[in-house]
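J.: Spelled out from the first residue to the last, the chains are:
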Amino acid sequence: MAQVYYEDVKEGSDIPTLEKTPTARTLVMWAGASGDFFELHYDKDFAKSMGFPNVLVHGRLEAAFLTQLLTDWVGDKGEVKKMSVQYRGNAFPGEKLLCKGKVTKKYVQDGQNLVELEIWVENPEGKKITPGTAVVALPSK
Amino acid sequence: MAEIKFASMDEVRTYLGKKREEEIEIDGTVIRAYCECIGDPNPKWSDTAPPGLVTTAMVSSGAMLLGVPLPFKRSVAGGADWEFFKPIKKGDVIHTSHEFSELQDKTSDKGPRALMVYRSTHKNQKGEIVAISTNTIMSY
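Top line first, the protein sequences correspond to chains Z and C. Residue numbering for the first sequence follows this note's numbering, starting at 1 and increasing by one per position. Residue numbering for the second sequence follows this note's numbering, starting at 1001 and increasing by one per position.
Simulated from the structure, these hints should not be mistaken for lab results. Be a bit skeptical, because a hint or two may be false.
To be verified - As a list, the in silico DSS-like pairs of lysine-lysine whose alpha-carbon atoms are at most 30 Å apart:
#, chain 1, residue 1, chain 2, residue 2
1, Z, Lys-100, C, Lys-1090
2, Z, Lys-127, C, Lys-1019
3, C, Lys-1090, Z, Lys-82
4, Z, Lys-128, C, Lys-1110
5, Z, Lys-81, Z, Lys-100
6, C, Lys-1073, Z, Lys-128
7, Z, Lys-82, C, Lys-1086
8, Z, Lys-10, C, Lys-1086
9, Z, Lys-81, C, Lys-1086
10, Z, Lys-10, Z, Lys-77
11, Z, Lys-44, Z, Lys-96
12, C, Lys-1106, Z, Lys-82
13, C, Lys-1019, C, Lys-1005
14, C, Lys-1044, Z, Lys-82
15, Z, Lys-77, Z, Lys-106
16, Z, Lys-100, Z, Lys-77
17, Z, Lys-100, Z, Lys-128
18, C, Lys-1086, Z, Lys-105
19, Z, Lys-81, C, Lys-1005
20, C, Lys-1018, Z, Lys-82
21, C, Lys-1044, C, Lys-1126
22, Z, Lys-10, C, Lys-1044
23, Z, Lys-48, C, Lys-1073
24, Z, Lys-77, C, Lys-1090
25, Z, Lys-141, Z, Lys-10
26, C, Lys-1089, Z, Lys-141
27, Z, Lys-106, C, Lys-1044
28, Z, Lys-96, C, Lys-1044
29, Z, Lys-105, C, Lys-1044
30, Z, Lys-81, Z, Lys-105
31, Z, Lys-48, C, Lys-1110
32, Z, Lys-128, Z, Lys-48
33, Z, Lys-96, Z, Lys-128
34, C, Lys-1089, Z, Lys-106
35, C, Lys-1110, Z, Lys-127
36, Z, Lys-82, C, Lys-1126
37, Z, Lys-81, C, Lys-1018
What the hints assert, rightly or not - Covered by chain C, per the in silico footprint, the following chain Z stretches (three or more residues, Cβ under 8 Å):
#, segment
38, 21-32
39, 72-79
Owing to the predicted nature of the structure, the values given are computational and were not obtained by experimental measurement. Ideal Cβ placement from N, Cα and C applies to all residues, glycine included.
In isolation and in its complexed conformation, chain Z is listed as follows (with noise of 0.2 Å):
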């Protein structure tokens, strides 16, 4: 992917979607690659018994997914300093989750050229299950 520069950027312009579609194999791999072995994500009978019709798609995964449209975006030179999230929806396994984020601002700090973005995860029907913000550094040409 070619690098992204500051100069090339707009304030409300979108960066481009990551496409991810987490099945119930990829969230028994994610509790293995970060521990968090909680029920609700890999028992149906469990996530059934707190009222859920099947097992959820981790928070914390969908802000993995978030960062990766981060790192992806601002290529090698770049760095993500800031990414902050709120989980209000749920996603469920095979579900399509589209990442998305749209530049909201930029501003050169401390000899650093800022970016700051809106980023979230869109459910299939178009719901912004986990919202957010970052802060991402940027090459300069």
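Following the hints, complete the assembly by docking chain C onto the known chain Z.
T.: Then chain C, alone, in the frame of chain Z:
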């Protein structure tokens, strides 16, 4: 599953400042397991860990192991934020200090509600802060 404990707001408040330390070596297996799981094939992650590795429970929500009781019957993860200061390199040993740092009483006429904030500071083997993360649990 660990048994969930409950206590009054006043009792929960006595846990403020409680800390727990953890250490993990970020070897190639840890990085590979993370990248394979989320589906990130970026070759950059051969000797550097993706920043997202800090979002994993292992380095970011071990705070739950502090054993702070919940003030109300139900709870959900409300949100989280991360500040990344330095890249984590393959072979780094990350020392994390988790702290139950804040309890906000949000009870209103809509019902009982509290926000419980956990703050985790992640340092490498040189003592440099690589990231700080906070997790907010809503109990209601």
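J.: Next, verify each hint and record whether it holds.
T.: Verification of the hints:
1. Among the hinted pairs, Lys-100 of chain Z with Lys-1090 of chain C is consistent with the structure: their alpha-carbon atoms are about 29 Å apart, no more than 30 Å.
2. About 37 Å separates the Cα atoms of Lys-127 of chain Z and Lys-1019 of chain C, which puts this hinted pair outside 30 Å; it is violated.
3. A distance of roughly 21 Å separates the Cα atoms of Lys-1090 of chain C and Lys-82 of chain Z; the hinted pair therefore holds under the 30 Å criterion.
4. For the hint pairing Lys-128 of chain Z with Lys-1110 of chain C, the CA-to-CA distance comes to about 25 Å; that is within 30 Å, so the pair holds.
5. As the CA atoms of Lys-81 of chain Z and Lys-100 of chain Z are separated by approximately 18 Å, the hinted pair is consistent with the 30 Å bound.
6. A distance of roughly 27 Å separates the Cα atoms of Lys-1073 of chain C and Lys-128 of chain Z; the hinted pair therefore holds under the 30 Å criterion.
7. Our distance criterion of 30 Å between C-alpha atoms is met by Lys-82 of chain Z and Lys-1086 of chain C, whose separation comes to about 12 Å.
8. Only pairs whose Cα atoms come within 30 Å are accepted, and Lys-10 of chain Z paired with Lys-1086 of chain C is accepted, the gap being roughly 27 Å.
9. Between Lys-81 of chain Z and Lys-1086 of chain C, the direct Cα distance comes to roughly 9 Å. Compliance with the 30 Å bound is thereby established for this hinted pair.
10. With a CA separation close to 18 Å, the supplied pair Lys-10 of chain Z and Lys-77 of chain Z stays within the 30 Å bound.
11. A threshold of 30 Å between alpha carbons decides the hint, and for Lys-44 of chain Z with Lys-96 of chain Z the separation of about 20 Å falls inside it, so the pair holds.
12. With a C-alpha separation of about 27 Å, the suggested pair Lys-1106 of chain C and Lys-82 of chain Z falls inside the 30 Å cut-off, and the hint holds.
13. At most 30 Å may separate the alpha-carbon atoms for a hinted pair to count; Lys-1019 of chain C and Lys-1005 of chain C meet this at roughly 18 Å.
14. Note on Lys-1044 of chain C and Lys-82 of chain Z: the hinted pairing holds, with a Cα-Cα distance of about 20 Å set against a maximum of 30 Å.
15. The hinted pair formed by Lys-77 of chain Z and Lys-106 of chain Z meets the criterion: a straight-line CA distance of about 17 Å does not exceed 30 Å.
16. With a C-alpha separation of about 21 Å, the suggested pair Lys-100 of chain Z and Lys-77 of chain Z falls inside the 30 Å cut-off, and the hint holds.
17. Among the hinted pairs, Lys-100 of chain Z with Lys-128 of chain Z is consistent with the structure: their alpha-carbon atoms are about 10 Å apart, no more than 30 Å.
18. Restraint check for Lys-1086 of chain C and Lys-105 of chain Z: the C-alpha separation of about 23 Å stays at or below 30 Å, so the hint holds.
19. Restraint check: the Cα-Cα separation between Lys-81 of chain Z and Lys-1005 of chain C comes to about 36 Å, which exceeds 30 Å; the hinted pair is violated.
20. Of the pairs offered as hints, the one joining Lys-1018 of chain C and Lys-82 of chain Z holds, with about 25 Å between alpha carbons and a cut-off of 30 Å not exceeded.
21. Proposed proximity of Lys-1044 of chain C and Lys-1126 of chain C is supported: the alpha carbons are some 23 Å apart, at most 30 Å.
22. At most 30 Å may separate the alpha-carbon atoms for a hinted pair to count; Lys-10 of chain Z and Lys-1044 of chain C meet this at roughly 26 Å.
23. Restraint check: the Cα-Cα separation between Lys-48 of chain Z and Lys-1073 of chain C comes to about 17 Å, which is no more than 30 Å; the hinted pair holds.
24. Of the pairs offered as hints, the one joining Lys-77 of chain Z and Lys-1090 of chain C holds, with about 19 Å between alpha carbons and a cut-off of 30 Å not exceeded.
25. The straight-line distance between the Cα atoms of Lys-141 of chain Z and Lys-10 of chain Z is roughly 15 Å, inside the 30 Å bound, and the hint therefore holds.
26. Simply put, Lys-1089 of chain C and Lys-141 of chain Z have alpha-carbon atoms about 27 Å apart, close enough for the 30 Å limit, and the pair holds.
27. A C-alpha spacing of about 26 Å is found between Lys-106 of chain Z and Lys-1044 of chain C, which places the hinted pair at or below 30 Å, so the restraint holds.
28. Among the hinted pairs, Lys-96 of chain Z with Lys-1044 of chain C is consistent with the structure: their alpha-carbon atoms are about 26 Å apart, no more than 30 Å.
29. Under the criterion of a C-alpha separation no larger than 30 Å, the hint pairing Lys-105 of chain Z with Lys-1044 of chain C is consistent with the structure, at around 27 Å.
30. Of the supplied pair hints, the one linking Lys-81 of chain Z and Lys-105 of chain Z holds, its CA atoms being roughly 14 Å apart against a limit of 30 Å.
31. Between the alpha carbons of Lys-48 of chain Z and Lys-1110 of chain C the distance comes to roughly 26 Å, so the proposed pair stays at or under 30 Å and holds.
32. Distance check on the hinted pair: Lys-128 of chain Z and Lys-48 of chain Z sit about 24 Å apart at the alpha-carbon level, within 30 Å; holds.
33. Simply put, Lys-96 of chain Z and Lys-128 of chain Z have alpha-carbon atoms about 13 Å apart, close enough for the 30 Å limit, and the pair holds.
34. Simply put, Lys-1089 of chain C and Lys-106 of chain Z have alpha-carbon atoms about 29 Å apart, close enough for the 30 Å limit, and the pair holds.
35. A hinted pair counts as satisfied when its Cα atoms are at most 30 Å apart, and Lys-1110 of chain C with Lys-127 of chain Z qualifies at roughly 25 Å.
36. At most 30 Å may separate the alpha-carbon atoms for a hinted pair to count; Lys-82 of chain Z and Lys-1126 of chain C meet this at roughly 22 Å.
37. For a cut-off of 30 Å, the pair hint linking Lys-81 of chain Z to Lys-1018 of chain C stands: about 28 Å separates their Cα positions.
38. Under the rule that three or more residues need a Cβ within less than 8 Å of chain C, the assignment of the segment 21-32 of chain Z holds, with 4 such residues.
39. Counting residues of the segment 72-79 of chain Z whose beta carbon lies closer than 8 Å to any beta carbon of chain C gives 3, which meets the minimum of three for the stated coverage.
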